[in-house]
Amino acid sequence: MNLEDIRAGKLKHLAGADLEDEDLSQTDLSRTVLSGANLVGSNLSGACLAGARLEGSNLLGSNLSGSDLRATLLGANLMQADLTEADLRGANLRGANLMQANLARSSLAGAFLSGANLTGGNLQGADLRGADLRGANLSSANLQGANLNQVDLQGAILNQTNLEEADLRDANLAGATLAEANLLCAELVGANLKGTNLVNACLTGTILDQQQL
Amino acid sequence: MLQGSILQELRDAHQPGNPDGKRPLNFGVYFKNTLVALCHALEDAILMHDYQPLMITAFQRGKWYLQEADRYGEIAERAPQVVILAAADTGFADHPTSQRANVALVSLEEDDPVAQEWHLIILSPTYTAMVLCQELSEDDYGASGCPTHDLERKFYGLWTFEPNLVLETAKLAIAHIAAYNPQLAAKLTDHHQEIAAQIQRLDTPYSAPTVADLGEIVSRVVAYLENGPQGLESDRSSNSLAASPSPLSNNLISNELQAFLRIAQLIDQTDLSNPMAAAEVATLAESLGQLLDLPAWQLHRLRLSGLLHRIAFLQDAATPLHPSARPSSPTAVPLSCPLIPGVQVLRTMQRLKAIATILTHQTERWDGQGTPAGLAGDEIPLESRILGLVACFQQRLAAHRSRLQATPDLPLTPAATPAAAYAAALAECQAEQGDRWDPKLVEALSLLVNGLQQGLSLSVTPPKIAAGLWLLDSHSDEDLINWGASSEHRSLSTASGNSGTYES
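Chains G and L are the protein sequences, given in the same order. Here this note's numbering is used: the first residue of the first sequence is 247, the next is one more, and so on. Here this note's numbering is used: the first residue of the second sequence is 4, the next is one more, and so on.
No wet-lab data here; the hints were simulated from the structure. In this text the structure is predicted, and so the values were computed from the model without any measurement. Be aware that a few hints might be false.
[Stated by the list, open to error] Here are the simulated distance ranges between beta carbons:
(1) G:Lys258 / L:Met279: 44 to 54 angstroms
(2) L:Glu197 / G:Val445: 47 to 57 angstroms
(3) G:Lys258 / L:Gln408: 47 to 57 angstroms
(4) G:Val445 / L:Ala200: 44 to 54 angstroms
(5) L:Glu197 / G:Asp455: 36 to 46 angstroms
(6) L:Lys190 / G:Val445: 43 to 53 angstroms
(7) L:Ser405 / G:Ala425: 43 to 53 angstroms
(8) G:Asn446 / L:Gln433: 50 to 60 angstroms
Just so it is clear, CB atoms sit at the ideal spot from N, CA and C, and this is done for glycine as well.
Using the sequences and the hints given, assemble the complete structure.
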């Protein structure tokens, strides 16, 4: 497998390829098949992976900052990956492992994250408008100032999650668990709080309709 | 939230869905140094102008007042009435400022919830501003515990220039003062009514006396948040968003952005014919960007530009603290483009450089006959072209909608429906394509309008003002135009990947 050919965008079928620690920054990998590939520790910063297939790939600790990841990442391992300012709009991240990943200021609008593990992740200032996070685990994640407008968090776990100043207007939090979560000055107008567990959550300065609680 | 506090009373009056139709408040979190910088900037406006305000301040403890007492002495020379509320500390009443005839001290009981608040209420016919906060309780700090460093103390609440909200809060504060000093409260009520009458003499329910000097005041707010006022140590630990700034630094940046979003909010509130312009333009611009398959960072820039676009039309927006506004030296490089006063206010915040450029060139024309630089075709930054078109379309749409609303008895014919308003506004833009607008963008707008006419719904929500940081990223301070190139070969910077073109 020639790395130069990959960088030149000549190889589009890389399923199961071993690209551990390789530098593929700024590379055009759009519509490339990388299913099950080993990309541990790789540098994909600024790469274009739009339309790529990365299901089951291992991106542990990889650098994907500023990349275009509007791709299929079903069940991918993105643990501790750097996804700062990555474009993940509409990406399929169902069941992905994003534990301790850095998603600060990333764009996840309309992304599919149901069942994903985002425990301890940094999502400060992330754009999650309309994302599907049903059943996702966001415990101890930092979502300070994130935009969660119209997000679906039904049944999600947000224990000890930092949601300070987050915009949760019209979000669906039915059946979600937010024990000890920090919702200081979060906005919850129009949010569905049916069956939501808010035990010991900080609700100081939150804005919500009177009939919501 | 402490029961009986002014913040709580104000929040309760603004609960979502309340029968008075009052807009719900938008609370934010503030570190102590953010509040100090904010208050100094808002107070300094009193020292620079002849506003003659009524000023009500709550300091928590008398010792905090004593730290500012000399400064308050200067303010008292400009303000006919200053009221200081604080739990009394030794020396509270002895300072020379406290002895002035127009300075009234109110010693709060130790268990008064207002003694846990931080207020600054400035009320005059031509300048209204307010900071209203409460310190976090031990429980609010949660597992992290109370901060050990004074600067890390956190408060929550709001700050604003909105005259109606400041008038309402001042009334609550005066009612609270009445329990301590009924005579003073009666005097303040008269003063309040006098000012309210002058403000409400202006012709809109959201009269905005502050707008005249708002550019200058906001420039000062941003400068103080960025650098700290004289004598206040700045805690800015990082200038790069990419480099994980500290929470304190983030809080300062967030409030700089808030200052601009608050101007935009005020501009919209004072325009009863088009009060949702900012939110609508932001949504339309972002949607058009999505149709053009622009990257996420460019969509965020478009949204923020849309939210702030009307600031460019602020007139006489002096920016006394910004270097670019100072008289140029003999060796200064001539300007490539005339300065737009409103945009100069935005330039006080370095991170909004790209947004300022987008707003500057939103009035260019595709045929090169526009202002301020006479750029033509692809020379005009793409986001400026989108913003200019969308803002004009939205304005026309609002005008058509107003006409429809003004004639409610009109039979519901196809010509009198909201869909007809879309069609009419679009037709006016289409008539100008190739001259004023980029034809490909008009084409994309037509697609969007088609979708809207067929039931596509766009979510138009005003921004959560205290949480705009998600709109700023490492692309926000880029140069969009390479003015170094000759006029024949002016080109857009490619450093950001913004080629000025798009795939249609």
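Verification of the supplied hints:
1. Here the CB-CB span from Lys258 of chain G to Met279 of chain L is close to 46 angstroms, well matched to the stated 44 to 54 angstroms.
2. For Glu197 of chain L and Val445 of chain G, the Cβ-Cβ distance of about 50 angstroms falls inside the hinted range of 47 to 57 angstroms, so the restraint holds.
3. Checked against the hint of 47 to 57 angstroms, the pair Lys258 of chain G and Gln408 of chain L passes, with Cβ atoms roughly 55 angstroms apart.
4. Distance hint for Val445 of chain G and Ala200 of chain L: a CB-CB separation of about 50 angstroms, consistent with the stated range 44 to 54 angstroms.
5. At about 37 angstroms, the CB distance of Glu197 of chain L to Asp455 of chain G agrees with the hint of 36 to 46 angstroms.
6. Between Lys190 of chain L and Val445 of chain G the Cβ separation comes to about 49 angstroms, which falls inside the hinted range of 43 to 53 angstroms.
7. Between Ser405 of chain L and Ala425 of chain G the Cβ separation comes to about 49 angstroms, which falls inside the hinted range of 43 to 53 angstroms.
8. The hinted window of 50 to 60 angstroms between Asn446 of chain G and Gln433 of chain L holds, with their beta carbons roughly 58 angstroms apart.
When each numbered hint is compared with the structure, no violation occurs for any of them.
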